Amino acid sequence: MSFKNKLFTQVESVASRITPHVDKAWQDVKGKLDALNGALASQSVPDARKAKVSDLSLRTKGEQAGQRGNNESVSGSSR
687 MSFKNKLFTQ VESVASRITP HVDKAWQDVK GKLDALNGAL ASQSVPDARK
737 AKVSDLSLRT KGEQAGQRGN NESVSGSSR
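Under the working numbering, the residue at position 21 of the sequence shown is numbered 707, and the numbers go up by one with no gaps.
One or more hints might be untrue.
To be verified - No farther apart than 20 Å at their CA atoms in a straight line, the calculated lysine to aspartate or glutamate pairs in the DMTMM-like style are these:
#1 LYS710 x GLU698
#2 LYS710 x ASP720
#3 LYS738 x GLU749
Think of the hints as simulated: they come from the structure by calculation, not from any bench.
Since the structure is predicted, the reported quantities are computational estimates derived from the model, not experimental observations.
Generate the whole structure from the sequences, applying the supplied hints.
Okay, here's the thing in structure tokens:
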């Protein structure tokens, strides 16, 4: 077996052993970053505006859902 093949075999062996650990660590890091992002986003909006932003978001989502509902009923009746 050549040096190149031995080296390749060793690299594959090490990679197969560490990949699950790296994947787990990456998932942990992503979770911590998501939590940090949520905390920063929560702090970025003043308390007085949070209720207004929430109401506006719900209203916008409701309007969009109503539009989708109307489009579906219109397209459904034209068939």
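### Query
Is LYS738 close enough to GLU749, meaning Cα to Cα at most 20 Å?
Holds, because 16 Å separates the two Cα atoms, which is no more than 20 Å.
### Query
Do the alpha carbons of LYS710 and GLU698 lie within 20 Å of each other, as the hint requires?
holds, 19 Å
### Query
Is the hinted pair LYS710 and ASP720 satisfied, with a Cα-Cα distance of at most 20 Å?
At roughly 15 Å apart (the allowed maximum being 20 Å), ASP720 and LYS710 satisfy the hint.
Consistency with the previously given hints is maintained throughout, with no hint failing.
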